[in-house]
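Visitor: Okay, here's what each chain looks like letter by letter:
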Amino acid sequence: MSPVKPLSPHLQIYRPQLTSVLSITHRITGIALSIGTCVLLYWLLSVAAGPEQYAKAQTVLRCWLVRVALIGWTWAFFYHLCNGIRHLFWDAGYGFALGTAYKSGYAVLVASVIFTGLIWACVVSQQGAPL
Amino acid sequence: MSLRSNLGRVKGLGSAKQGVHHWRVQRLSALALIPLSLWFVTALMGLVTAPHSAVVAWLAQPHITVLLLALVTALFWHAQLGLQVVIEDYIHRPGRQIAAQLVVRAGAILGALAALVAILKISLGIS
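Here the protein sequences line up with chains A and B, keeping their order. With numbering that gives the first Met the number 0, the residue at position 39 of the first sequence is 38, and numbering never jumps. With numbering that gives the first Met the number 0, the residue at position 41 of the second sequence is 40, and numbering never jumps.
If we strip away everything but chain B, and leave its shape as in the complex, we get (with noise of 0.2 Å):
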């Protein structure tokens, strides 16, 4: 037995089936973060004294440079997921909330952007 009215059914109204979709990226993001940071903190014990030339070198190595774009991308990621659901609990006037949630995404946004590029540029060499 359905609980959804007649109505509802007919106007196609009720569940979008989107409802976990922050939820389930956030422990996704979490997820892919466990082994990325992991590697991530410990290869940096490995760059405390580099010089800059030895950084270079081991970031331009590709399986290095696809695993720091894939580290950046999801932490930027769940970072923002995180401070949206912080920013929803604690700020409660509408206008700031909304204020909020856009300075963070776009702060976001640009910082993983800056990174990604930071990446991709040290890896192709171009300077």
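Just chain A, with the same shape it has in the complex (with noise of 0.2 Å):
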């Protein structure tokens, strides 16, 4: 057996479809949404530390940096969620025709973008601007 057997799939040659962008885009999301948990962490420590360390935490998470990820994590979150949902669907054995892999794909990139722009729609009309 030669030890150099190319990969399968030959990514230099293979030609990215919506059904395995997604795919990939799932793992991203699942990757960035563990490292987003540290966020959360940090959040439920700041309210047990007390009302100081938690004003010093809503100064952070308002800081423009952050706020440009928080929206990033929110996008990663309704699309992980959203093509969970279409995960567990052909899980159960439904879905796996093409056109309906390829429908129930569009509909959880739009369904993703929706949602996130309603979170920060909200958020926006509570505070001001959102950066």
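Because the hints were derived from the structure by calculation, they are not lab data. Every clue listed holds true.
Distance ranges between label pairs, derived from CB positions: (1) B:Leu68 x A:Ala54: 20 to 28 Å; (2) A:Arg14 x B:Pro50: 48 to 56 Å; (3) A:Gly92 x B:Arg104: 28 to 36 Å; (4) B:Ala105 x A:Ala96: 36 to 44 Å; (5) A:Cys121 x B:Gln100: 37 to 45 Å; (6) A:Lys55 x B:Arg104: 24 to 32 Å; (7) B:Gly45 x A:Ile27: 25 to 33 Å.
To give an idea of the interface, some chain B residues facing chain A are shown, with a C-beta separation under 8 Å as derived from the structure: (8) Ser36; (9) Val40; (10) Gly81; (11) Ala114.
Just so you have them, the derived chain A footprint on chain B, three or more residues with Cβ under 8 Å: (12) 42-48; (13) 51-57.
A virtual CB, placed ideally from N, CA and C, is assigned to each residue, including glycine.
Make one complex out of these two single chains by using the hints.
Guide: Set out below in structure tokens:
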């Protein structure tokens, strides 16, 4: 056996399709959300530490760099949630037809953007500019 | 007709019926996280400009405390299971693979415990 067998799929010549891009995006958003869990932990620890530490955390969470990351995490959350539901339907044996897989894929993308927009519209309506 | 050999049968070898355990727990934690995470993100929208006292008052309600404890448990568990598969797929050197799995597991367990303690501390009014 040759020690340098080509990988499958061979990424250099593999033409990406919606389904494969959504699949790897599910993994990437999963990794990003695992890192984002640290923000949730930071928030909980700040609340537990008392009013002063909480006020400090509020300032940190309102800094523009963190805000950009939070908007990204919001989208990653809704993407992973919607696409996760899509995966659960597959696990139950539904939605495998190519046309259905594409339709559900586009639906996941649209829904994730809409939900992200709704969340940040809600934040902006309460405290002004998001950044 | 059984496909298992006589030797395999007499030695009790074969499937331990645990092959889908990881797969199943990943799906079950995902199912739990659908309502829990949606509830939490929605609830957070009511706390955007809330002062510390309001956040504590909200969190200290018994049903909120229970739901948050459930959310944190399912969340860290689901994250660890997912990262485990990613590490298995992309890190091939055995030493690095084991090291990465240990670091992720330790991080997930410590993170989950820290979050659980923080929630209980707030809920029970321990300062």
